[in-house]
Amino acid sequence: MQNNPSIAETARRSDIRNRWLLAAPALTTIILAAIGPLLVVLMFSFMVRGDYGDVKYWQFSTNGWLSVLFERDPIDDSLGLSSANFTIFLRSIKLSLITTVITVLLGFPTAYFVATRPEKSRHIWLLLITIPFWTNLLIRTFGIQDVIRNEGLINNVLLKFGLISQPIQMLFTDGAVLLGLTYVYFPLMVLPIYSSLEKLDFRLVEAGYDLYATRAKVLWNIILPLSKPGIIAGSILVFIPCIGAYVTPRVLGGGKNMMLGNLIEQQFGQARDWPFGAALSITLLVIVTLALLIYVRSAARESGSHGH
Amino acid sequence: MKRIKSLLAGVALLATTGAAWADGTLSIYNWGNYTSPELIKKFEDTYKIKVTITEYDSNDAALAKVRAGGHGFDIAVPSANFVPIWIKEGLLLESRPDQMENFKNVDERWVNVPWDMGRHYTVPWQWGTTGPVVATSIYKGDINTSKIWLDPPPELVGKIDVVPEMGDVMYAAYRYVGGTWCSDDKETLKKVRDVLKAAKPKWLAMDYGIEKMDTRDYAAAFYYNGAAYRAREKNPDVHFGYAKEGYSMFMDSVAILKDAKNVENAKLFQNFIMAPENAALISNFATYANGIKGSEKFMKAGLGDAPELNIPKEFQAAGGWNETCSPEVNELYSKVWKDLLK
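If you read the sequences in order, they're chains E and R.
Each residue of the first sequence is one higher than the one before, starting from 1 at the first, in this note's numbering.
Each residue of the second sequence is one higher than the one before, starting from 1 at the first, in this note's numbering.
Since the hints were derived computationally from the structure, they do not count as laboratory data.
A quick note: this is a predicted structure, and the numbers were derived from the prediction, not measured.
The C-beta atom is built at its ideal place from N, Cα and C for all residues, glycine as well.
Among the hints, a few may not be true.
Here are a few chain R residues that face chain E, going by a calculated C-beta distance under 7 Å [what the hints assert, rightly or not]: (1) LEU93; (2) SER183; (3) LYS186; (4) THR188; (5) GLY209; (6) VAL329; (7) LYS335; (8) LYS342.
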């Protein structure tokens, strides 16, 4: 009898040890492949910029970080908040948010449609949604370019039917970037929403109707709250890669207006300011992490209050 | 003991095969879509050397990668304005192309160049100019001016592509306002900024490649002469202009890296491309001039005497080298550039 707790204790300890051992490969990978490089980026952001790219090693400087917020005007030398950086940050956040909203609006009905199909055909629908992933992102983006350019599919059809007399300029606009981002990240929204809708107990929907709820009320009070985890997961999956998008704005936006990814690339290229580029990268990371934390916190609080 | 012996034998075998392998390879690091496959095939067949090509898309990227080490490249092709940096950073081998057999073919004009006096390090690969490219069926006026893209006529507004290279764009703008390149004069910088900021809304894109001239997505561009030649091959009304206000020239040169593993093969390559019939292959592929005398007669029809590749006499004086400015000036220019692209 007296031995029992210690046996339980040993079992518990070996269990913990096994878990750590099992987690070790993943942890090692994360530490080596994610945290290690991040530390290097962090160190570079605090060094003096090199004359032709690179940094002057182990010479401390906060200029990289100061340039994130402030900027000396190249003409009158006055120090002020960096309006260029803010404009670019805001554009990135704006385009990412709009993309997220559009993908929710389009993705939710799609996911609902798939989830309400007979089980057998669902797999086919899911397969169809994931097919674009089989092709390289760059090729798909250039594909969009070909559809919306002046002599592209859309303009040619419209011209042929006499609906327009001049081609509409669609390529190289913010709208083209939005279209590209929405198209690329759409499946990342559909799949998580689908997985939460798939688990949805449709008897609850029936119960709602039995209690004389309208269609809108059923959607708003039953289906949406229950699929919220999927919508949140999808939004995170869409928003985060959007804010760092590089290829889409460059290929479809025409390179005239930068997004954050392009600004960061510029620092490691023509601007030759690696510390500033490193500081910008970390700023982006912090913004994304903060957004995630706020999101997860509020989500947790709400689902907590639902339980009461 | 036996085990040690076989181990030693293994090491020895590895060493000899390693050496044999090294004899027959050459690793070239060049700009994307810039190396003629025909030239490489001929070099491989002539010398029984296996060539591998890795590509980069900017001088800054190439410099960063080579400086970081461990790249395994033997040859790189930096632009004129970057060669002094490569030399200063100790990345290039003084391979003395000027003492090589085929050096006699190099056009005198390209021997005593400011970035490599007397050619102790580098061999000409290709050179070109930046300037306005115009579909003359859409715009009928003078094309030999930067006004085409810095103060465009109404028929070109919203149909212009400008190459997203800070150096080329800022250089042309500096010459346009009558300033000196690399100066840190604030008055001139302000003029440059104002000209560029006023012009940008009239551009459609800032992108590499002007293939969209073919489809008339672009009606004009500020771009490189070789690409303009290729655009004219597809559409005869596309013409390249030489801005009378001033335009920049560039030359990319073949250099051997200090840490090259196949130095002798790399030297063979430097000598090889100075032969006119080989230099012509380089130009046939990328359609830029190469700086080797007598290569024109080996080029494909229409290339050697193309207006894009031969600067007319009256515009020769307006050309200048797009030097690399001091880090301080580059920082100023970068800020204006970022402000333009925000």
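Against the structure, the hints:
Taking 7 Å as the C-beta contact cut-off toward chain E, the hint placing LEU93/R at the interface is violated, the least distance being around 19 Å. Given hint, SER183/R at the interface with chain E, is violated; its Cβ is 13 Å from that chain's nearest Cβ, farther than 7 Å. Interface hint status for LYS186/R: upheld, as the beta-carbon distance to the closest one in chain E is roughly 5 Å, under 7 Å. A distance limit of 7 Å between C-beta atoms decides the matter here; for THR188/R the minimum to chain E is near 10 Å, and the interface restraint is violated.
The restraint placing GLY209/R at the interface with chain E is violated, with a minimum CB-CB distance near 11 Å, outside the 7 Å limit. With 7 Å as the threshold, the beta carbon of VAL329/R stays out of range of chain E, its nearest partner Cβ sitting at about 10 Å, so the hint is violated. Interface hint at LYS335/R: satisfied, since its Cβ lies 4 Å from the closest Cβ of chain E, which is below the 7 Å cut-off. The restraint placing LYS342/R at the interface with chain E holds, with a minimum CB-CB distance near 4 Å, inside the 7 Å limit.
Going down the numbered hints, you'll see the structure goes against 1, 2, 4, 5 and 6, while the others check out.
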